[in-house]
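There are 2 protein chains.
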Amino acid sequence: MTKFAIGVDLGGTNLKLGAIDEKGTLLEKIEINAETQDGPSEVIKKICANISKLNERWGQTYKLSGIGAGIAGIMKLEEGRVITAPNLPGWEGFPVRSRIEEGIGRTFKLENDGNVAALGEKWMGAGRNSQHLAFMTLGTGIGGGLILDGQIWHGISGMAAELGHITVYPEGNLCNCGNYGCLEAYASATAIVRGARHLIKTKQASLKMKELFVSSKEVEAKDIYRLAKLGDSSSVELFSRMGTSLGIAIAGLIHIFDIDTFVLGGGAIPSWDVFEDSMFLEVETRSFVQRADPRNIYKSQLGSNAGIYGAARLSFL
Amino acid sequence: MTKFAIGVDLGGTNLKLGAIDEKGTLLEKIEINAETQDGPSEVIKKICANISKLNERWGQTYKLSGIGAGIAGIMKLEEGRVITAPNLPGWEGFPVRSRIEEGIGRTFKLENDGNVAALGEKWMGAGRNSQHLAFMTLGTGIGGGLILDGQIWHGISGMAAELGHITVYPEGNLCNCGNYGCLEAYASATAIVRGARHLIKTKQASLKMKELFVSSKEVEAKDIYRLAKLGDSSSVELFSRMGTSLGIAIAGLIHIFDIDTFVLGGGAIPSWDVFEDSMFLEVETRSFVQRADPRNIYKSQLGSNAGIYGAARLSFL
Chain A
1 MTKFAIGVDL GGTNLKLGAI DEKGTLLEKI EINAETQDGP SEVIKKICAN
51 ISKLNERWGQ TYKLSGIGAG IAGIMKLEEG RVITAPNLPG WEGFPVRSRI
101 EEGIGRTFKL ENDGNVAALG EKWMGAGRNS QHLAFMTLGT GIGGGLILDG
151 QIWHGISGMA AELGHITVYP EGNLCNCGNY GCLEAYASAT AIVRGARHLI
201 KTKQASLKMK ELFVSSKEVE AKDIYRLAKL GDSSSVELFS RMGTSLGIAI
251 AGLIHIFDID TFVLGGGAIP SWDVFEDSMF LEVETRSFVQ RADPRNIYKS
301 QLGSNAGIYG AARLSFL
Chain B
1 MTKFAIGVDL GGTNLKLGAI DEKGTLLEKI EINAETQDGP SEVIKKICAN
51 ISKLNERWGQ TYKLSGIGAG IAGIMKLEEG RVITAPNLPG WEGFPVRSRI
101 EEGIGRTFKL ENDGNVAALG EKWMGAGRNS QHLAFMTLGT GIGGGLILDG
151 QIWHGISGMA AELGHITVYP EGNLCNCGNY GCLEAYASAT AIVRGARHLI
201 KTKQASLKMK ELFVSSKEVE AKDIYRLAKL GDSSSVELFS RMGTSLGIAI
251 AGLIHIFDID TFVLGGGAIP SWDVFEDSMF LEVETRSFVQ RADPRNIYKS
301 QLGSNAGIYG AARLSFL
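For the protein sequence lines, the chains are A and B, in the order given. Heads up: the first sequence is residues 1 to 317, going by the working numbering. Heads up: the second sequence is residues 1 to 317, going by the working numbering.
If you are wondering where the hints come from, they were derived from the structure by calculation, not from laboratory data. These numbers come from a predicted model, not from an experiment. Be a bit skeptical, because a hint or two may be false.
Unchecked claim - Covered stretches of chain B (chain A as the covering partner; in silico rule of three or more C-beta atoms under 8 Å from a C-beta of chain A): (1) 48-61; (2) 142-155; (3) 209-219; (4) 298-306.
Claimed, not checked - Take a look, some chain B residues computed to stay more than 10 Å from chain A by CB distance: (5) N14; (6) L15; (7) E22; (8) L26; (9) H132; (10) P170; (11) N179; (12) I259; (13) D293.
Cβ coordinates follow ideal geometry from the N, Cα and C atoms, glycine included.
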């Protein structure tokens, strides 16, 4: 009987579940609004109900190997508890693993969302030919995951791969974490919008960008991307700086780890074509290792499914 | 019969050998001028002769476990060959392992010098209570070594832990590697002297610093350290920037790896007291992980013996 696993991916907005067989075939995917404002107990109910649904549907033709989740927060993995989760209100200290285990009557594997996405890309995505990879999600913030020797690298307190908080410009933009010049303050979707607002405030914005902010109340990074594609100088500048800052961070990671594969995912990936040139140029300029022996910097192949793939993979390892 | 191993540490200037027993007792140390200008064959002769000497002297009361070396260069470890070694003229491409093995008639373990120093500190030095550590030597340049799960992390091409080439100031000083703003361009002994020369050239130097360069032809970092200890503003500024740049890099490493121990060694360590404050402050300011759960940043405990300890350790693993 072929095995399958259920992978859960809980972000600040969406809850995704996937039933995936051991060969990596996605049998079924469920995606619903997480409604995290209702607090953890309600979200746990949703998770458990949907796990049961998938298990009932697929557990007859396949043998359930296990269930795991990636959750958008910093976890105390031994205790199965959330430490902090800025995008999940009310989850601080919540004993998520035991609560899910009570709900489903089975053991459950818990992970951080960046780690499972990295593992997903390693298993069935852009990193499947590598034993080592660094993964970054470029979204509202920047998350990360590190795979070394085929395994998630957790560090001593489960806080490894906070790649968005590598300093790239020591005297640069203020980051949400309190530090100045973090990668996240330059290469997240939020940073692009903030950068645009700053250009407008300091009267450096192009005419087109000013018009965008006049015509739209809720400007998003993708609106600025559209302007960049039209050649708008301010928008091009912001994405170029995004690429440069990614290049600085990736060159650093090459010198630190000497790994061969970097995978970038998240909501900002559709704008790849407007930041890739400056990113690759920067990595090459800054790294003699890259010049001697070029490393792979890939777009995520699994996109928003990376999390459920990696969460399912936890049960096959 | 207690085991012992012979560790060799070949730098640009000195050749060191140590006979060390399996408990970490240094039985004997030999330190001679490497005379690298005579080319690799002459240096190999010296290495082999001294290995034999140590083996004859200690091989009767102890059982020889093995022999290993750390060499100041980038190595192709599988082939036992040097790729590049800026401080060892004529060693590019040199098949160092096979040549030593021919000379001593035994197998021989080869490593990069930063890696063995890291392993030495892990075994008997400042990192002996940690499974993971990042080591940096602050000398003419900045070398590094990474120990993850108790093992040297090599990366895919043996070029990992080039920690001196992490960019800390993207638009900063030119580094020898061709990049701008590398850690090495701020926190090596060379960088301190260059920084002083720059202050003089741009007429920003203090009177004391100007006097130093007038009175001495070959100013070294330790001369500038002495001025810093006397409160000279220009010298204090240079060491403070050294500490700040180390702090930026270490904060990044904490976010990347989440490891608990950082060990700094090399010729610049005697000036620890004039750069430590700015280093610790910078790590704390930049890293929420450090603020939540402070990591250890230690001086090397083995000093210039770290290399022979680590090289000997290769045979006990």
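Hint check results:
1. 48-61: violated (count 0)
2. 142-155: With 5 residues close enough to chain A, the hint holds.
3. 209-219: violated (count 0)
4. 298-306: violated (count 0)
5. N14: Holds: least Cβ distance 26 Å, greater than 10 Å.
6. L15: holds, 27 Å
7. E22: The claim holds: E22 (chain B) sits with its nearest Cβ about 27 Å from chain A, beyond 10 Å.
8. L26: holds, 30 Å
9. H132: violated, 7 Å
10. P170: violated, 6 Å
11. N179: violated, 5 Å
12. I259: violated, 6 Å
13. D293: Violated, because the least Cβ-Cβ distance between D293 (chain B) and chain A comes to about 6 Å, which does not exceed 10 Å.
The structure is inconsistent with the numbered hints 1, 3, 4, 9, 10, 11, 12 and 13, although it conforms to all the rest.
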